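Novice: Okay, here's what each chain looks like letter by letter:
2 protein chains.
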Amino acid sequence: MNALDRLITLFSKLPGIGKKSAGRIVYHILDNNPVLAVSLSKELSGLHQAIIRCSVCGGFTEADPCTVCSDPSRDHSIICVVECAQDVRVIEETREFPGVYHVLGGLIAPLEGISPANLTIDKLIKRLCGTGGVKELILALNPTIEGDTTALYLQKILKDHPVEISRLASGMPVGGNIEYIDKLTLSRSFRGRVRV
Amino acid sequence: MNALDRLITLFSKLPGIGKKSAGRIVYHILDNNPVLAVSLSKELSGLHQAIIRCSVCGGFTEADPCTVCSDPSRDHSIICVVECAQDVRVIEETREFPGVYHVLGGLIAPLEGISPANLTIDKLIKRLCGTGGVKELILALNPTIEGDTTALYLQKILKDHPVEISRLASGMPVGGNIEYIDKLTLSRSFRGRVRV
Numbered sequence: 000m001n002a003l004d005r006l007i008t009l010f011s012k013l014p015g016i017g018k019k020s021a022g023r024i025v026y027h028i029l030d031n032n033p034v035l036a037v038s039l040s041k042e043l044s045g046l047h048q049a050i051i052r053c054s055v056c057g058g059f060t061e062a063d064p065c066t067v068c069s070d071p072s073r074d075h076s077i078i079c080v081v082e083c084a085q086d087v088r089v090i091e092e093t094r095e096f097p098g099v100y101h102v103l104g105g106l107i108a109p110l111e112g113i114s115p116a117n118l119t120i121d122k123l124i125k126r127l128c129g130t131g132g133v134k135e136l137i138l139a140l141n142p143t144i145e146g147d148t149t150a151l152y153l154q155k156i157l158k159d160h161p162v163e164i165s166r167l168a169s170g171m172p173v174g175g176n177i178e179y180i181d182k183l184t185l186s187r188s189f190r191g192r193v194r195v
Numbered sequence: 000m001n002a003l004d005r006l007i008t009l010f011s012k013l014p015g016i017g018k019k020s021a022g023r024i025v026y027h028i029l030d031n032n033p034v035l036a037v038s039l040s041k042e043l044s045g046l047h048q049a050i051i052r053c054s055v056c057g058g059f060t061e062a063d064p065c066t067v068c069s070d071p072s073r074d075h076s077i078i079c080v081v082e083c084a085q086d087v088r089v090i091e092e093t094r095e096f097p098g099v100y101h102v103l104g105g106l107i108a109p110l111e112g113i114s115p116a117n118l119t120i121d122k123l124i125k126r127l128c129g130t131g132g133v134k135e136l137i138l139a140l141n142p143t144i145e146g147d148t149t150a151l152y153l154q155k156i157l158k159d160h161p162v163e164i165s166r167l168a169s170g171m172p173v174g175g176n177i178e179y180i181d182k183l184t185l186s187r188s189f190r191g192r193v194r195v
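Going down the list, the protein sequences come from chains A and B.
As numbered in numbering that gives the first Met the number 0, residues 0 to 195 make up the first sequence, in order.
As numbered in numbering that gives the first Met the number 0, residues 0 to 195 make up the second sequence, in order.
Bound conformation, chain A alone (with noise of 0.2 Å):
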């Protein structure tokens, strides 16, 4: 196996990419100057060492605690519970949510084998329990039947807690089309509707 097929099969072990793609990025790395290839390189040995876990809410950071949990200007006292740390990302990139965050590490599945004691729901409690004051927490977790597991785990285990607890809206995506929505989906958007 020569270095082309050795990067091949790693880039084939990269999510959303099959034999086909990892052969037409090598192909494409090998065709360009290697400025790219170097550039690649370099942030790839990095990367771990660069990249650590913020200890207060779980999600990716280069300096501990990470921006938003550093950041004065946030709402400290809302939490929104992610399943990943990309998820922290993803809801940052639509700069609606002032408060900050925090990072289950997965759902529970008992069929993988994930229980509640293999994510961070010990360090959520203390986190509710602790100085900061936390008045709400905004269940960001995805309309799965793990999603959902997890929403009512986490329902139960606080139903003492003085917080209030909520989840996101699950219902038809913008621009999509009454037709083609799925019989759940649809659903679960009567049970929910809002009054306008």
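Take the hints with a grain of salt, since some may be wrong.
Copies of the same chain are indistinguishable here, so a pair counts whether it falls within one copy or spans any two.
Claimed, not checked - Distance condition first, Cα-Cα at most 25 Å in a straight line; then the derived DSS-like pairs of lysine-lysine: (1) K134 - K155; (2) K41 - K12; (3) K41 - K18; (4) K122 - K134; (5) K158 - K125; (6) K158 - K134; (7) K122 - K158; (8) K125 - K155; (9) K155 - K122; (10) K41 - K125; (11) K18 - K125; (12) K134 - K19; (13) K125 - K19; (14) K18 - K158; (15) K182 - K18.
I should point out that these hints are in silico values taken from the structure, not numbers from a laboratory.
In this text the structure is predicted, and so the values were computed from the model without any measurement.
Model the placement of chain B on the given structure of chain A, informed by the hints.
Specialist: Frame of chain A; chain B shown alone:
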């Protein structure tokens, strides 16, 4: 811009990878143990040193001449002319072609400023005039305007050479459906129909 954003920007420069996929890939690499990042980094840094162009066919190889060109069991009297080095790989995977290759390094595209002089056409003519005894030239070029133009150009300048020139069959893909095939492909299938 931190290390994470820099790597996402670099990944999104690769073909077929948008900003979103790049994010997903980088977070996947971060979530995993550093072995993947380190191997990728190592292979990328050595890629342009390890892989060179074959001085005979122009394909990518670790040793010059490449394994195909230096293989005495291949039929050196048939040359398959391809656009780029990746096409060699794709054709080799079919195990259908017993001859050798010639990589043009592109297709004639006047609008993009690619003229015959930018391709390895003189090198191809030298191979035909050499002592190799080349009998057949198979033009494995895309059935696009650029591919057609390049094929026509090659036919024209090689018309005095005693070499048989053919082009890959163009028509309906295997498993295709006449109902959904575009008109151009369908009419080409009619013109290129084969006696059964």
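Novice: Hints first: check each against the structure and report whether it holds.
Specialist: How the hints compare with the structure:
1. K134 - K155: within (17 Å within a copy, 79 Å between copies)
2. K41 - K12: both (19 Å within a copy, 16 Å between copies)
3. K41 - K18: Classified as both; 24 Å inside a copy, 20 Å across copies.
4. K122 - K134: within (16 Å within a copy, 74 Å between copies)
5. K158 - K125: within (15 Å within a copy, 82 Å between copies)
6. K158 - K134: within (13 Å within a copy, 83 Å between copies)
7. K122 - K158: within (17 Å within a copy, 77 Å between copies)
8. K125 - K155: Cα proximity of K125 and K155: one copy only (16 Å, versus 79 Å across).
9. K155 - K122: within (16 Å within a copy, 74 Å between copies)
10. K41 - K125: Neither: 38 Å inside a copy, 41 Å across copies.
11. K18 - K125: Close neither inside one copy (45 Å) nor across copies (35 Å); limit 25 Å.
12. K134 - K19: neither (50 Å within a copy, 32 Å between copies)
13. K125 - K19: Intra 47 Å, inter 33 Å, cutoff 25 Å: neither.
14. K18 - K158: neither (48 Å within a copy, 39 Å between copies)
15. K182 - K18: neither (35 Å within a copy, 31 Å between copies)
The structure fails hints 10, 11, 12, 13, 14, 15 (numbered hints given earlier, in ascending order).
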